[in-house]
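J.: Here is how the chains run, residue by residue.
2 protein chains.
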Amino acid sequence: MRKTPVGLPEESEQRAELETRIQLTAVARGQAPADRFIRGATVVNVYSGELLSAHVALSQGYIAYVGGAESAIGPDTEVIDAAGCYLAPGWIEPHSHPWVLYNPVSLLEGILPGGTTQVFQDNLFFYLQAGAEGFERVMEVLSDLPIRYRWLVRLLSQSEWSGERAHFALEELMPLLERPEVAGTAEVTRWPLVVEGDTHILEGCQRARALRKRSDGHTAGASYEKLNAVAAGGITACHEAITVQEVLDRLRLGLWTMLRHSSLRPDLPELIRAVTEQGVHTGRLMLTADGPAPRFIAEHGSVDEALRVAVASGVPPIQAIQMATINPATYYRIDDQVGGIGPGRWADLVVLPDLEEFRPKRVLVGGRDVAIDNRLVVDLPSIDWDSLGMRPSFSPRLKGCVGKLYLPLRVEEQLPVIEFVNNVITQGGARQSWTSKGAVPQDLLLAVLADREGQWMSRSWVRGFAPHLAALASTFNTTTHLLVMGRDPEAMQRAAAWVIEQGGGIALASRERVTWKLELPIIGMMSPLSFTEVVEAQKELESHLQAAGFPYRDILYALLFLTCDFLPGWRLTARGILDVKKEELVQPAEKMMPTN
Amino acid sequence: MRKTPVGLPEESEQRAELETRIQLTAVARGQAPADRFIRGATVVNVYSGELLSAHVALSQGYIAYVGGAESAIGPDTEVIDAAGCYLAPGWIEPHSHPWVLYNPVSLLEGILPGGTTQVFQDNLFFYLQAGAEGFERVMEVLSDLPIRYRWLVRLLSQSEWSGERAHFALEELMPLLERPEVAGTAEVTRWPLVVEGDTHILEGCQRARALRKRSDGHTAGASYEKLNAVAAGGITACHEAITVQEVLDRLRLGLWTMLRHSSLRPDLPELIRAVTEQGVHTGRLMLTADGPAPRFIAEHGSVDEALRVAVASGVPPIQAIQMATINPATYYRIDDQVGGIGPGRWADLVVLPDLEEFRPKRVLVGGRDVAIDNRLVVDLPSIDWDSLGMRPSFSPRLKGCVGKLYLPLRVEEQLPVIEFVNNVITQGGARQSWTSKGAVPQDLLLAVLADREGQWMSRSWVRGFAPHLAALASTFNTTTHLLVMGRDPEAMQRAAAWVIEQGGGIALASRERVTWKLELPIIGMMSPLSFTEVVEAQKELESHLQAAGFPYRDILYALLFLTCDFLPGWRLTARGILDVKKEELVQPAEKMMPTN
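Protein chains in written order, with the numbering used here: chain F, 153 to 748; chain Z, 153 to 748.
Hints in this document: simulated from the structure, not taken from any laboratory.
There may be inaccurate statements among the hints.
[To be verified] Pair by pair, the computed Cβ-Cβ distance ranges are:
1. F:Asp296 to Z:Glu509: 57 to 63 Å
2. F:Glu312 to Z:Arg191: 55 to 61 Å
3. Z:Arg191 to F:Gly286: 48 to 54 Å
4. Z:Leu203 to F:Asn574: 54 to 60 Å
5. F:Ala321 to Z:Gly466: 41 to 47 Å
6. Z:Gly431 to F:Pro227: 50 to 56 Å
7. Z:Gln166 to F:Arg289: 27 to 33 Å
8. Z:Asp228 to F:Arg289: 49 to 55 Å
9. Z:Gly283 to F:Asp296: 57 to 63 Å
10. Z:Glu429 to F:Ala321: 35 to 41 Å
11. Z:Ala168 to F:Glu688: 52 to 58 Å
12. F:Ala321 to Z:Ala168: 19 to 25 Å
Backbone N, C-alpha and C fix where the C-beta goes; we use that ideal spot for every residue, glycine too.
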């Protein structure tokens, strides 16, 4: 039983925080020494929009003082000379998916050195895998990280399935939504439900609102007219604008608007014209990288990259920094705790040589150095993900079926073709039959999405992906089921068997052997390896796929989105091959039959 | 017993709100008719900072649609032609004291016609009079008003007294703070307590923070150095800046900064230079009238007057309007409900001929006309304040003492002199004795603050107030006790007796009779009369006082603040004559002795 009122921290935490506050006032008065004292920086004041020379005194993880006095320097105070540098609040990522091969822990290796010190994380796959209690355990374990993640909880899955509404019942979600580390409800990818006034989603938004929390949207492609209903239904933000006009549509209707720049969609040079050319008010704009692929983070960065692009595009640096700090903090209603350099805020700070390159010399979270000169300087905990119930299970029934999934069911069989237009956009093509020898036709791949329980499968041809691919099996997709693609039935069986055996992963195989593999034992999506290692894995996978004819750069979102039913195009889903825009099932899923 | 989780609305309200939301999405889709449809206005879009031509559809008190379509017009939809007009969100007053002769109901007569449609009200005197339960009853009764007041709850009284901390115990305050209509904790006038890390106040701020609510400050005269400790302690805003530098000090330290313009301090032409000359970021600035006197509202206005002054001073109109609408809504974390013209927000709107004079042709609250052409068009409820326990009591003991309070206690007696520098600023003067005949010396008045329980009294001379005043008795002061001033003991006795008899009020008297009187049966501060009537009362009182030599214009704050211990100068308090700045008791309160 919870002892404290709903949504409030435990009593012992409250007591500790009070002691800290009392201490902060003493340091601010100059009557107690600071733990650390950052001397002589030019402070980026996001509150007033000014650059001001000031010292900053830190105590117990917080900022206690900002100003010209040095009375907080005691004999044991560590003085950090920051003369000639800028001191800014750490960047805040308002919209992140912590499962793009990396996991919530290894992601920190990727983003902390660039200065991202606060992240609002999507809970989707943790919740799908383990429900409310399982996700609470994950939050608990991750509360020991050197960053205080905030979470957004999904009101529904991305894809509809029969048990979905029960799995996401509000009684299950409310204890999560009430927790202090949960900032609101996560993106509703199936936004037409909001337009139609879906009771469950509207009630979820309402509960969030009553708790003074937020409800993120995901209104990809929504017209201005439909956005009206989205806003009326209670959605408070969107990150899916891909043109200036879409930025304006969202902003004008009162949705806080996240400008996205990521591996998936490097749109910022376009979007930022809303500011540089249209001159809109920037107080309700934010920058997001929206869960970029590991290699993008390693090569470009995260929110820091968006900052570079914004400033290079002509946004005044302080305004750009506001979009990456105080604006998201204000949106999520924790501007009294983060997002600016003011007394009483967490000491989440970046020391910068300039306001153009945004490459921090030093990054602090809660007053502690976490990165210096682009190098992580804190140890990250090792998490026993299996004990958290994060390894997906595959039923013996699927194992029994795996041998013959990749052969025609009947000689006359025809399958629809999904054509890749780019790495994430698809369209429908004419049906085609197998070759007369029962093989995969020239230029196509067979794609099978196979239920982990071995009950159903969805099959199609795929064109324009990697025409020479023998076999790829992957649990890295939006459904949590097993996606297998290739030309060679034996190779496909081999790749699938390896992934099932590991309980999640990505494998490439020839007829003879597994030629490349990556275990993803965390929900089939995430690797327990270090961030550097998953970056290398992504590169290897891309290089293998490109050798098989994959014409694009980023493979991960191609895999992730082939199965998603919230992006237009034809998609391979649990219900079958779906024309998302027409909401039409091109071919229903089939029953999976065990081998002999 | 509360059925719903702490801080959440009742279940029936939640259900009704959900139905409303579903309806709003239907109206937004054009599939259900709007109740009202405002056609063709130029909308002040505070989200994007633009002026945009758009229709606005209203349903069930909310905005359902903003845009170019007319599909929400049904056969019964009332179409309001607003072509050639501006449509702006109603003004939000972030800091108000609803007891300056007017009461929370009659105040609406004063402010609604000017376009103020949301007010954050201080709960001080209601709480002092009736405690947490009594104040809850007041909130309940006032929830029927044509405006949805939000409240801020005090963590302490303005003045220290022996039972104060018990009366304001956190266990008492928490059920209030958790209520949805309470937005946070109210101004802490004794801000040095925050600087010193007062546990009670810091814990109150912490509780508000955990509930994602706010903690207003009142840091009159605080140096930049001390403001650091105020912010570190958890205070989130201040409205007490009286110079540009003080605006900058507060804003830079992360305090949301309210720029005040009122009868008490018409400072905006100075303060606004922070914007017009220093060019600071305006996203965390707000405008407030801070509880002006009735006559000021009648003659000048409230937040609307601050808007006029801001724009006349050179602030671009949209930016000024943001400071009076979306900024306070964002500060108090209800920007998803008010403060802008977006779907899903309450239809609190003003129709304006221009963005200069800000004199609304029409004011809507919750979609309903409340004022047209500066005239109130809604009925205000009649409140039975007595049944709410709002009439102050005076003990028989005080009645027994009242006859001889205005004579020397001893022949050799000397009293300190409080000198008025202006109507609210005072300073100390040398002690003086009574005349040899036991009369009040030339040019002075005797001032007595008498305990309602008849236990103590504080006495001084007053210079520079109204030297020819025979007698004034008033419960309209910060202490809730009886203040009597004058030269003539018999007249003073007469005025005091009348006020005691009424259970609160202001009276002037000659030796023969009560010459002017105003009943204030609501906590001794507020009149049940209409707003127009209290404006007249204020004018009459001022004219009488000026005839007695009062050299200033505004009498009300002179009376209110003579007894307050949170403004510098010498003050007449329950503890005695206090030199506030030095925190020194110039003369302790005396025991009150009954007449024979």
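J.: For F:Glu312 and Z:Arg191, compare the CB-CB distance with the range 55 to 61 Å and indicate the outcome.
T.: violated, 39 Å
J.: Is the gap between the beta carbons of F:Ala321 and Z:Gly466 within 41 to 47 Å?
T.: For Z:Gly466 against F:Ala321, whose Cβ atoms are near 55 Å apart, the range 41 to 47 Å is violated.
J.: Could you say whether the range 57 to 63 Å given as a hint is met by the Cβ separation of Z:Gly283 and F:Asp296?
T.: Distance hint for Z:Gly283, F:Asp296 is violated at roughly 43 Å.
J.: Starting from the range 19 to 25 Å, see whether the pair F:Ala321 and Z:Ala168 falls in it by beta-carbon distance.
T.: For F:Ala321 and Z:Ala168 the Cβ distance comes to about 22 Å; the hint holds.
J.: Starting from the hint 49 to 55 Å, judge whether the C-beta atoms of Z:Asp228 and F:Arg289 obey it.
T.: Distance hint for Z:Asp228, F:Arg289 holds at roughly 54 Å.
J.: Should the hint that Z:Gly431 and F:Pro227 are 50 to 56 Å apart at their CB atoms be regarded as holding?
T.: violated, 42 Å
J.: That 48 to 54 Å hint for Z:Arg191 and F:Gly286 (C-beta), does it hold up?
T.: Roughly 53 Å apart at Cβ, these two residues keep to the hinted range, so it holds.
J.: Using the Cβ atoms, figure out if Z:Ala168 sits within 52 to 58 Å of F:Glu688.
T.: Holds: the Cβ-Cβ distance is about 56 Å, inside 52 to 58 Å.
J.: Taking the CB of Z:Leu203 and the CB of F:Asn574, does the distance hold inside 54 to 60 Å?
T.: Distance hint for Z:Leu203, F:Asn574 is violated at roughly 39 Å.
J.: Lying within 27 to 33 Å: is that true of the beta-carbon distance Z:Gln166 to F:Arg289?
T.: Since Z:Gln166 and F:Arg289 have Cβ atoms about 29 Å apart, the given range 27 to 33 Å holds.
J.: Should the hint that F:Asp296 and Z:Glu509 are 57 to 63 Å apart at their CB atoms be regarded as holding?
T.: holds, 59 Å
J.: At the C-beta level, are Z:Glu429 and F:Ala321 separated by a distance inside 35 to 41 Å?
T.: This hint is violated: roughly 57 Å between Cβ atoms.
Checked against the numbered hints given earlier, the structure breaks hints 2, 4, 5, 6, 9 and 10 and satisfies all the rest.
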